[in-house]
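First to last, the protein sequences are chains U and W.
Residues in the first sequence are numbered consecutively from 1, following my numbering.
Residues in the second sequence are numbered consecutively from 1, following my numbering.
Note that these hints are calculated values from the structure, not bench results.
Don't take every hint at face value.
Stated by the list, open to error - Simulated pairs of lysine to any residue, SDA-like, Cα-Cα distance not exceeding 20 Å:
{"hint": "1", "chain 1": "U", "residue 1": "Lys305", "chain 2": "W", "residue 2": "Leu125"}
{"hint": "2", "chain 1": "W", "residue 1": "Lys27", "chain 2": "U", "residue 2": "Tyr167"}
{"hint": "3", "chain 1": "W", "residue 1": "Lys54", "chain 2": "U", "residue 2": "Trp468"}
{"hint": "4", "chain 1": "W", "residue 1": "Lys32", "chain 2": "U", "residue 2": "Met168"}
{"hint": "5", "chain 1": "W", "residue 1": "Lys131", "chain 2": "U", "residue 2": "Ile185"}
{"hint": "6", "chain 1": "U", "residue 1": "Lys357", "chain 2": "U", "residue 2": "Phe396"}
{"hint": "7", "chain 1": "U", "residue 1": "Lys206", "chain 2": "W", "residue 2": "Leu119"}
{"hint": "8", "chain 1": "U", "residue 1": "Lys206", "chain 2": "W", "residue 2": "Lys27"}
{"hint": "9", "chain 1": "W", "residue 1": "Lys131", "chain 2": "U", "residue 2": "Gly360"}
{"hint": "10", "chain 1": "U", "residue 1": "Lys109", "chain 2": "W", "residue 2": "Ile128"}
{"hint": "11", "chain 1": "W", "residue 1": "Lys7", "chain 2": "U", "residue 2": "Lys28"}
{"hint": "12", "chain 1": "U", "residue 1": "Lys206", "chain 2": "W", "residue 2": "Gln127"}
{"hint": "13", "chain 1": "U", "residue 1": "Lys109", "chain 2": "W", "residue 2": "Ala107"}
{"hint": "14", "chain 1": "W", "residue 1": "Lys27", "chain 2": "U", "residue 2": "Ala230"}
{"hint": "15", "chain 1": "W", "residue 1": "Lys54", "chain 2": "U", "residue 2": "Val186"}
{"hint": "16", "chain 1": "W", "residue 1": "Lys131", "chain 2": "U", "residue 2": "Arg301"}
{"hint": "17", "chain 1": "W", "residue 1": "Lys54", "chain 2": "U", "residue 2": "Ala230"}
{"hint": "18", "chain 1": "W", "residue 1": "Lys7", "chain 2": "U", "residue 2": "Lys359"}
{"hint": "19", "chain 1": "W", "residue 1": "Lys131", "chain 2": "U", "residue 2": "Val186"}
{"hint": "20", "chain 1": "U", "residue 1": "Lys206", "chain 2": "W", "residue 2": "Met3"}
{"hint": "21", "chain 1": "U", "residue 1": "Lys206", "chain 2": "W", "residue 2": "Ala6"}
{"hint": "22", "chain 1": "W", "residue 1": "Lys32", "chain 2": "U", "residue 2": "Tyr167"}
{"hint": "23", "chain 1": "U", "residue 1": "Lys109", "chain 2": "W", "residue 2": "Asn114"}
{"hint": "24", "chain 1": "U", "residue 1": "Lys305", "chain 2": "W", "residue 2": "Ile128"}
{"hint": "25", "chain 1": "U", "residue 1": "Lys206", "chain 2": "W", "residue 2": "Trp11"}
{"hint": "26", "chain 1": "W", "residue 1": "Lys32", "chain 2": "U", "residue 2": "Asn164"}
{"hint": "27", "chain 1": "W", "residue 1": "Lys131", "chain 2": "U", "residue 2": "Arg157"}
{"hint": "28", "chain 1": "U", "residue 1": "Lys359", "chain 2": "W", "residue 2": "Lys131"}
{"hint": "29", "chain 1": "W", "residue 1": "Lys27", "chain 2": "U", "residue 2": "Met168"}
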Amino acid sequence: MSEQYPALLVVVPLLSALVICVAGWVNKRLCFPIAVAALGVAAYSCIGLLLRVLDEGVIVYKLGGWDPPMGIAYYVDHLNGLVLSVVSVVALLNLIASKKSIDQEFPDKIGPFYTLYVLMVTGLLGIVVTGDAFNLYVLLEIAALTGYGLLAMGEDRAPLAALNYLYMGTIGACFYLLGVGYLYIVTGSLNMVDIAKILPSLYQSKAVLGAFIILMVGVWLKMAFFPLHAWLPNAYTYAPSAASSLIAPLVTKVMIYVMIRFILTVFTPEFAFNILAVSDSIVWLAVIAIVMGAILALAERNLKKMLTYIVIAEVGYMVGGAWLGNRAGMTGAILHIVNDALMTLCVFLVAGNIVYKLKGYAFDDLKGLYRKMPFTMTAFTVGVLSMIGVPPTCGFFSKWYLILGAIRAEHWFFMGALLFSSLVNAVLFFRIIEIAFFEPFTDHHAHGHDHQPEPIDEAPLSMVVPLWIVAAALVIVGIYTSDIVTKIIQFAIPEGIL
Amino acid sequence: MQMLVAKYNYWIYITLMMIGLYAMIAKNNLVKKIVGMSIFQTAIILFYVSIGAKRGATIPIIEHGHGEGHGAGTHMVHAVDYINPLPHVLMLTAIVVAVATLGVALALAIRVYNRYNTLEEDEILAQIREK
Numbered sequence: 001m002s003e004q005y006p007a008l009l010v011v012v013p014l015l016s017a018l019v020i021c022v023a024g025w026v027n028k029r030l031c032f033p034i035a036v037a038a039l040g041v042a043a044y045s046c047i048g049l050l051l052r053v054l055d056e057g058v059i060v061y062k063l064g065g066w067d068p069p070m071g072i073a074y075y076v077d078h079l080n081g082l083v084l085s086v087v088s089v090v091a092l093l094n095l096i097a098s099k100k101s102i103d104q105e106f107p108d109k110i111g112p113f114y115t116l117y118v119l120m121v122t123g124l125l126g127i128v129v130t131g132d133a134f135n136l137y138v139l140l141e142i143a144a145l146t147g148y149g150l151l152a153m154g155e156d157r158a159p160l161a162a163l164n165y166l167y168m169g170t171i172g173a174c175f176y177l178l179g180v181g182y183l184y185i186v187t188g189s190l191n192m193v194d195i196a197k198i199l200p201s202l203y204q205s206k207a208v209l210g211a212f213i214i215l216m217v218g219v220w221l222k223m224a225f226f227p228l229h230a231w232l233p234n235a236y237t238y239a240p241s242a243a244s245s246l247i248a249p250l251v252t253k254v255m256i257y258v259m260i261r262f263i264l265t266v267f268t269p270e271f272a273f274n275i276l277a278v279s280d281s282i283v284w285l286a287v288i289a290i291v292m293g294a295i296l297a298l299a300e301r302n303l304k305k306m307l308t309y310i311v312i313a314e315v316g317y318m319v320g321g322a323w324l325g326n327r328a329g330m331t332g333a334i335l336h337i338v339n340d341a342l343m344t345l346c347v348f349l350v351a352g353n354i355v356y357k358l359k360g361y362a363f364d365d366l367k368g369l370y371r372k373m374p375f376t377m378t379a380f381t382v383g384v385l386s387m388i389g390v391p392p393t394c395g396f397f398s399k400w401y402l403i404l405g406a407i408r409a410e411h412w413f414f415m416g417a418l419l420f421s422s423l424v425n426a427v428l429f430f431r432i433i434e435i436a437f438f439e440p441f442t443d444h445h446a447h448g449h450d451h452q453p454e455p456i457d458e459a460p461l462s463m464v465v466p467l468w469i470v471a472a473a474l475v476i477v478g479i480y481t482s483d484i485v486t487k488i489i490q491f492a493i494p495e496g497i498l
Numbered sequence: 001m002q003m004l005v006a007k008y009n010y011w012i013y014i015t016l017m018m019i020g021l022y023a024m025i026a027k028n029n030l031v032k033k034i035v036g037m038s039i040f041q042t043a044i045i046l047f048y049v050s051i052g053a054k055r056g057a058t059i060p061i062i063e064h065g066h067g068e069g070h071g072a073g074t075h076m077v078h079a080v081d082y083i084n085p086l087p088h089v090l091m092l093t094a095i096v097v098a099v100a101t102l103g104v105a106l107a108l109a110i111r112v113y114n115r116y117n118t119l120e121e122d123e124i125l126a127q128i129r130e131k
């Protein structure tokens, strides 16, 4: 059974999505359990795979028994074993946490929503597990198309924002496809490991350089790397909360994984860092991304939109860390994929709980929230401390590695940008905490009860418990950082990077 | 000039791509933008299809099956005689993806039209600003 895990984690959600679609016609209440079961199997397979990789090393799974490079092969190593586990666990937790808000926001579209949700997770897991460059494109589009649908189910501006995302996402995917096309012209192969074997003799070729640039631009568009980020804030803000807390933590992180996979496996660090002299300029772009993300977040008076700009700044962290070209920076970037997925999930789940109870997330709506929703806001505080980077939460440790990498590479501006962004995060979040903790709750409808203490009106248990699990995970991952780095991430980075 | 003529397939795909990109950036009507996006995707499909072609080659169907008529294993298959089918097969998938994207985009455009009663982007933005 366990040797079939790589196929199961894609096939089970894929087929379940179809089953959910049909079940939605029969009885809406069937959809949720099927979705949970499907993602549960996926998460179980992913974690099982990670444990097997830790024991045995790289796992190669040949789909249909065809040998690579002719057939499609799934490769699972330490890097994507880790990312797979994070993606599947985050998707499962968010699914459980969001059930009530899905029931509340669109009771008549439950079937389609769960279908899209599970299909999207299929796409994301497939992107991470596949070892074939074209297969990755197809799964990328599965994840993207379902994502447009999920985002467009939101409030009034959502369809327009999703349409703008669709233009940019399609250009990004097309650039990726074009880059793969150039690689195919020069190597005649689509298998990532096979391409990496053929490429070294072609490093001087202009077509390889072109492929690399086009691929990177495509991936950057998809991950909203700063000058290409314009689609992200509106698309994520107006989305339904269940969709934004799935997409915001995972899509950008998975695209970072794709970038790192192409640097490490396909083009090899030797080509990316030494032969191409671009890493310095890309780190500079990351510096601009971090600073601009922080400044744009400062200008927002709306919780969810502010969080989207923080997502953009965090993308800058990871791109910059990966392109520093040393071991500490790469470790920081990979560790930050894990940590940022959890942190973003935590704060977006909080936003979801707030929307569930208050129907609004502008700063003025948050007054007196610590008294009204104490459990949600406690978890919010943990998530916030992690985003700022306070030990022992996990956000501190990935920032620590990124800063170590910046010092090793002597890139002082990147270090400065990281510290600046932490500082801005502190300002941003303490402003919210101040509003929510000290200002009295003002109900727009009932003016008679001004002086009575606000009764506790917490989100339902099924939303609070997963949120607390995530908040606890932030601390636990922080405490076990050294284990994650020495047992997993260390093996994910090739020996060549010092 | 030599470069233009010898590599004309690349020039055509780049031109088409730029037409699509121009429509996506400069056009005001949402449907025109979506059509621009479709042209953009088609350009890349054309690029892939063109790289599979070879001069003087035929479709990749082997006329004499292995070991038929010529004795076992004596009939050699020369790859030069056949066009490369792989890019074409890949593009079947890409066409499906392009159609799906077009469908989703048009569906979203309908949602936008129902909400704002127009497909002109400047009028939609004006309505959003008014609120």
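Verification of the supplied hints:
Note on U:Lys305 and W:Leu125: the hinted pairing holds, with a Cα-Cα distance of about 19 Å set against a maximum of 20 Å. With a CA separation close to 13 Å, the supplied pair W:Lys27 and U:Tyr167 stays within the 20 Å bound. Straight-line distance between C-alpha atoms of W:Lys54 and U:Trp468 comes to about 61 Å, which puts the hinted pair past the 20 Å bound. Straight-line distance between C-alpha atoms of W:Lys32 and U:Met168 comes to about 15 Å, which keeps the hinted pair within the 20 Å bound.
A C-alpha spacing of about 52 Å is found between W:Lys131 and U:Ile185, which places the hinted pair above 20 Å, so the restraint is violated. Distance check on the hinted pair: U:Lys357 and U:Phe396 sit about 31 Å apart at the alpha-carbon level, beyond 20 Å; violated. About 42 Å separates the Cα atoms of U:Lys206 and W:Leu119, which puts this hinted pair outside 20 Å; it is violated. For the hint pairing U:Lys206 with W:Lys27, the CA-to-CA distance comes to about 34 Å; that exceeds 20 Å, so the pair is violated.
Under the criterion of a C-alpha separation no larger than 20 Å, the hint pairing W:Lys131 with U:Gly360 is consistent with the structure, at around 17 Å. For a cut-off of 20 Å, the pair hint linking U:Lys109 to W:Ile128 is broken: about 26 Å separates their Cα positions. About 56 Å separates the Cα atoms of W:Lys7 and U:Lys28, which puts this hinted pair outside 20 Å; it is violated. Taking the CA atoms of U:Lys206 and W:Gln127, the gap is about 48 Å. The hint is violated against a cut of 20 Å.
At roughly 16 Å between alpha-carbon atoms, U:Lys109 and W:Ala107 fall within 20 Å of each other, so this suggested pair holds. Between W:Lys27 and U:Ala230 the CA atoms are separated by roughly 18 Å; this keeps the pair inside 20 Å, and the hint holds. With a C-alpha separation of about 15 Å, the suggested pair W:Lys54 and U:Val186 falls inside the 20 Å cut-off, and the hint holds. This hinted pair checks out: W:Lys131 and U:Arg301 have alpha carbons roughly 17 Å apart, not beyond 20 Å.
Of the pairs offered as hints, the one joining W:Lys54 and U:Ala230 is violated, with about 42 Å between alpha carbons and a cut-off of 20 Å exceeded. For the hint linking W:Lys7 to U:Lys359, the alpha-carbon distance of about 58 Å lies beyond 20 Å, and the restraint is violated. Taken as a hint, the W:Lys131 and U:Val186 pair is broken in the structure, with Cα atoms around 54 Å apart against an allowance of 20 Å. A hinted pair counts as satisfied when its Cα atoms are at most 20 Å apart, and U:Lys206 with W:Met3 qualifies at roughly 15 Å.
Distance restraint check for U:Lys206 and W:Ala6: the Cα-Cα separation of roughly 17 Å lies within the 20 Å cut-off, and the hinted pair is therefore satisfied. Simply put, W:Lys32 and U:Tyr167 have alpha-carbon atoms about 12 Å apart, close enough for the 20 Å limit, and the pair holds. About 18 Å separates the Cα atoms of U:Lys109 and W:Asn114, which keeps this hinted pair within 20 Å; it holds. A C-alpha spacing of about 17 Å is found between U:Lys305 and W:Ile128, which places the hinted pair at or below 20 Å, so the restraint holds.
Proximity of U:Lys206 to W:Trp11 is assessed by CA-CA distance (about 17 Å); at most 20 Å being required, the pair is judged to hold. For the hint linking W:Lys32 to U:Asn164, the alpha-carbon distance of about 13 Å falls within 20 Å, and the restraint holds. Of the pairs offered as hints, the one joining W:Lys131 and U:Arg157 holds, with about 12 Å between alpha carbons and a cut-off of 20 Å not exceeded. At most 20 Å may separate the alpha-carbon atoms for a hinted pair to count; U:Lys359 and W:Lys131 meet this at roughly 19 Å.
In summary, the hint linking W:Lys27 to U:Met168 is supported, as the alpha carbons are separated by about 15 Å, within the 20 Å threshold.
Violated hints, in rising order: 3, 5, 6, 7, 8, 10, 11, 12, 17, 18, 19; the structure is consistent with all others.
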